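Could you put together the complete structure from these sequences and hints?
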Amino acid sequence: MAAAIPGDGELDGISAAAHVMFIPSAGMAHLVPFFRFISALSSRGGVRCSIVTVLPTVSAAEADHFAGLFAAFPSVHRVDLNLLPFDASAFPGADPFLLRWEALRRSAHLLTQLIAGATPRVSAVVADVTLASHVIPITKRLRVPCHVLFISSAAMLALLAYFPIHVDKNDKSGVGDVVDVPGVRAVPRSCLPQPLPDLDHLFTKQFIDNGRAIVDADSILVNTFDALEPAALAALRDGTVVPGFPPVYAIGLLKSVASRGGGDQKAAAASTAVAAWLGEQPARSVVYVAFGSRIAVSHDQLREMAAGLEASGRRFLWVFKTTVVDREDDAEVRDVLGGEFLERVKGRGLVSKGWVDQDAVLGHPAVGLFLSHSGWNSITEAVASGVPLLAWPRGGDQRVNAMALVSGGVGAWMEEWSWDGEDRLVTRREIEEKVKEVMDDAAVRASAARVCEEAAMAVAEGGTSHRSMQEFASKLKAT
Numbered sequence: 011m012a013a014a015i016p017g018d019g020e021l022d023g024i025s026a027a028a029h030v031m032f033i034p035s036a037g038m039a040h041l042v043p044f045f046r047f048i049s050a051l052s053s054r055g056g057v058r059c060s061i062v063t064v065l066p067t068v069s070a071a072e073a074d075h076f077a078g079l080f081a082a083f084p085s086v087h088r089v090d091l092n093l094l095p096f097d098a099s100a101f102p103g104a105d106p107f108l109l110r111w112e113a114l115r116r117s118a119h120l121l122t123q124l125i126a127g128a129t130p131r132v133s134a135v136v137a138d139v140t141l142a143s144h145v146i147p148i149t150k151r152l153r154v155p156c157h158v159l160f161i162s163s164a165a166m167l168a169l170l171a172y173f174p175i176h177v178d179k180n181d182k183s184g185v186g187d188v189v190d191v192p193g194v195r196a197v198p199r200s201c202l203p204q205p206l207p208d209l210d211h212l213f214t215k216q217f218i219d220n221g222r223a224i225v226d227a228d229s230i231l232v233n234t235f236d237a238l239e240p241a242a243l244a245a246l247r248d249g250t251v252v253p254g255f256p257p258v259y260a261i262g263l264l265k266s267v268a269s270r271g272g273g274d275q276k277a278a279a280a281s282t283a284v285a286a287w288l289g290e291q292p293a294r295s296v297v298y299v300a301f302g303s304r305i306a307v308s309h310d311q312l313r314e315m316a317a318g319l320e321a322s323g324r325r326f327l328w329v330f331k332t333t334v335v336d337r338e339d340d341a342e343v344r345d346v347l348g349g350e351f352l353e354r355v356k357g358r359g360l361v362s363k364g365w366v367d368q369d370a371v372l373g374h375p376a377v378g379l380f381l382s383h384s385g386w387n388s389i390t391e392a393v394a395s396g397v398p399l400l401a402w403p404r405g406g407d408q409r410v411n412a413m414a415l416v417s418g419g420v421g422a423w424m425e426e427w428s429w430d431g432e433d434r435l436v437t438r439r440e441i442e443e444k445v446k447e448v449m450d451d452a453a454v455r456a457s458a459a460r461v462c463e464e465a466a467m468a469v470a471e472g473g474t475s476h477r478s479m480q481e482f483a484s485k486l487k488a489t
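Those letters in the sequence shown? Residues 11 to 489, per the working numbering, in order.
In short, the hints are calculated from the structure, not lab data. Please read all numbers here as calculations on a predicted model, not as lab measurements. Just so you know, not all the hints are guaranteed correct.
Taking lysine to aspartate or glutamate and the DMTMM-like style, the derived pairs with C-alpha atoms no more than 25 Å apart in a straight line are [to be verified]:
(1) LYS215 / GLU481
(2) LYS356 / ASP345
(3) LYS265 / GLU481
(4) LYS150 / GLU481
(5) LYS215 / ASP97
Next comes the structure, spelled out in structure tokens:
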């Protein structure tokens, strides 16, 4: 049973004059929750949505999904933002998405006129958390409520909110061996986003700035639900993490929307081929392997993954990626994995470089396990379909998310498996054994099915997420 966003009546009564301006950031992990939340508002009427669009996008996937959003929801107004020139040479080797966040922050003052000059008047702003420290002061000056859409887990939100306090307590001498988030969990240094222990890193400076700023937001929206992360949500709401923290609305699980841009015949063909192949497989027999839209894995590790999947004897669907930015991904599967491998697994293994509808894949009855980087969008999509996860975090918030998915009962996490920046190669034997173990674990399957049912209950009328959406709607109506 798949979870969905609340029903049509959830936003009844919102003033027709309500105009919500969305200000997203870069990266599909950030854009997808925005698109899903916008669809939850705009498809139900009674509220006008506009979205600030920065072009060109960093990745082709972003451009395609923007095109899909505007095609699916013509009433959503596009507000173009032309960034000021930004010299990225000061940050050699930096992640291209991190550089876009910085460029956005440095051009954020341009949002003042976009918000103040909008017609009809902007009654509320929903901003990405990466822009919070720059957008919230602008909205305060304009006396426009600002809500932050947090794109990760409630556990990660708690870490973000508490981290500046932790640094201040250490007198800015360093992060130490552990960050003990009050009421939530102790996060070891090894599970923090990789740049975070370096207080001079661009990412860390942004992280601390935004962690301090979100206390001044009018509310925080999170794509989770109370039964999945009860401790983190409670600690945020009752002020245990940070005294005086704004209201936290757990509005998940947000339903996926068809947001792929039209006209991409190659992508459509790949997706059709995947669907056809899945249709030929037995129920719960396929391991789905995907590491998100911006995770690159070394060729050596990819080859070990291939050997492990082959040795497991399980059927598998593998969405293959070799670069951070999709426009630069020109490596051929056969060149990396070898033609012999593809011939040996033909029929029981499918490797695709094309775009696939991940929600549709996870909802297919043939899929029985998701080997994932544990990005939050991927976790919530698996939860909504009742598919157990085998988490292999690669960076960023993903080890914190893996902690949340294990405590939430939706899968397993191999804590010793390496992530970006670590030298250890996870061997084919390790991958083979763990895939077989989790795939055959009836208790894991039963727990994932139970959490799926809890997710459906949360978004049903009267459920916790349904009530959160109603409360947020009332807040919009009052502005």
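For this session: Please flag the earlier hints that this structure goes against, numbers listed from lowest up.
Result: The structure conflicts with hint 1 only, although it agrees with all the remaining ones.
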